[in-house]
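Protein chains in written order, with this note's numbering: chain A, 1 to 399; chain B, 1001 to 1226.
There could be a bad hint or two in this list.
As the list claims (entries may be wrong) - Now the in silico label distances, taken between C-beta atoms and shown as ranges:
no., chain 1, residue 1, chain 2, residue 2, range
1, B, 1010, A, 377, 35 to 43 Å
2, B, 1096, A, 394, 14 to 22 Å
3, B, 1127, A, 340, 39 to 47 Å
Everything labelled a hint here was simulated from the structure, so no lab data went into it. Backbone N, C-alpha and C define an ideal beta-carbon position, used for all residues, glycine too.
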Amino acid sequence: MKVADLLRFSARALRGHRLRSALSLLGVAIGVGSVILLTSLGEGARLYVTGEFASLGSNLLIVIPGKTETTGGPIVGGVPRDLTVEDADALERRVAQIRRVAPLAVGTATASVGGRSREVTVAGTTRGMKEIRRFRMLSGRYLEQGEQVRAQRVCVLGVKVARDLFPHDNPLGAFLRVGGERYRVIGVMAPRGTSLGADLDEMIHVPVEAAMGMFDQRSLFRILVEVRSHDEIAEARRRALEVLAERHGEEDVTVFTQDALLETFGNILGVLTAALGGIAAISLSVAGIGIMNVMLVSVSERVPEIGLLKAVGAGRGQVLAAFLAEATILSAAGGLLGLAAGWLGDRALVALYPVFPAEPPAWAVAGAIALSFAVGLAFGSLPAHRASRLDPVAALGRR
Amino acid sequence: MIELRDVSRVYELGGRQVHALRGVNLSIAAGDYVAVMGPSGSGKSTLLHIIGCLDRPTSGSYRLDGEDVGGLEESALTEIRRHRIGFVFQSFHLVARLTAFENTELPMVFAGIGRHERRARAERALSAVGLLDRADHRPDQLSGGERQRVAIARAVVMRPSILLADEPTGNLDRASGAEVFALLERMNAEGLTLIVVTHDPSLAARARRRVRLLDGAVAEQIERRT
């Protein structure tokens, strides 16, 4: 029997009961479609988060107080030493591979001017932040370079803060009350949007020591470090740890490389994607049971036909192949339909949320298609075997 | 040449043993025309199924053209059914979703014959039964007589040497039945061995030889004098 004839015969049989075929095909389509769509969501989340980290700027080290690694031995003096602005200066001065640093202190405060007021996130930092985060100014200037300006009562506004507090006039040079102190506005930042869950447009930036004073903080939130080149990141990290250990008397800080962060998030979200894919694959196997059901019905309906096929010289293998082909045509067609539907859903998602780079990973597409074939073969084999083993005499006698 | 020696067929039905055939001895020469008669349950269909290699004897031997069929593999029996046997059934057994042409073509599809040859041979077989103009009709658009003629076309399209008909006129009116019989006899005249199971004595009388079964055994064999 020729393959083309086999496929034509099986397709003909499927057309004999359109609704049933369509429904079980739909089951596979939903399974494959959900694999495509869910993995594309997971992959989108991964790309989104890693993209966010990449937007932090390249060659980044992040120093945070406290040690995350567990060490053996008794716990002695668990409280880490403060991470200070002086530590940041020391890193910049003493580690040759470091281009610039930006200490960061963070808190929330009420900002008010005239009768208006609103909550803002206050970032206390230095000029280095602008370079590291590649900030652009809408008007005015960013915080000045140098130690003497670190306690100055000046601020740079995020664009939304500026709009809320100064809806009508130019904020440059105006005074603003933040956390009980008067701050002069020296600049407004260009719109930047959300980064890592924080809306940069709703922040105000003040000199680092002013912020630490405002919130009565003695330790920085973290220090961002830009390394001169990507090749020097490992060396810079080692040197930074050395310098800080020397200053603190022990190694009590953690230094992340941006690569490590990216990798960690990438891994977590990769697992998430795989888990979503797995959940969707379960729906595919449910669809497989649907196919099996339809095929079993089809076999029992067509018992006399199977008897006839055997009488006119169809072998056991040919009957088996014909029914397997039917199941596989169903599942493969469902797979292709699901692929199309998943892709359309994905495009719709991207159209609705352009920042979210949803795209099904190649392994999920290939896997879903392969799985839909496999589902047809696997779940079709029981009914097909049943058909091929029918005794022709008994089969012909059945009405 | 069909040679049955002491053929019995026993099967289980609801825990009871049913002796469908008991020690049947029968020889049918190539090109012969045999009518098998007998009351229902006498084993006529079982005999036909065994001759057609759809069933195997429980004991005894069946030699087809000198070859012992009883010892053959399932795949070898499939080959015999495909190339040497044609079946016609009382209830036609046409595939309802396929046209007359496609039904006729079916044995050749499973034999792996190419499209061109299939077309030529199916058209020839359909025109031999006078239904070429109905080739694109599905069974439900054909009369009973026409359906059985399509089934005959399907049975002979592989050019078998034996044509087995199990009460081919059982579901037909007299006129269509006579037409079908005439058709089968024409196939026989062209050299096919024809074995027909029938209840109708007048139709059976047309055969060269009548075999009467009773309780699974051959009760009587009558040859028509020529």
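Requested in this report: Take the C-beta atom of residue 1096 of chain B and the C-beta atom of residue 394 of chain A, compute their distance, and say whether it sits inside 14 to 22 Å.
Outcome: Holds: the Cβ-Cβ distance is about 20 Å, inside 14 to 22 Å.
Query - Range hint 35 to 43 Å (beta carbons of residue 1010 of chain B and residue 377 of chain A) holds or violated - result: holds (39 Å)
Query raised in the report: Has the hinted range 39 to 47 Å been met by the Cβ atoms of residue 1127 of chain B and residue 340 of chain A?
Result: Since residue 1127 of chain B and residue 340 of chain A have Cβ atoms about 46 Å apart, the given range 39 to 47 Å holds.
Checked against the numbered hints given earlier, the structure satisfies every one of them.
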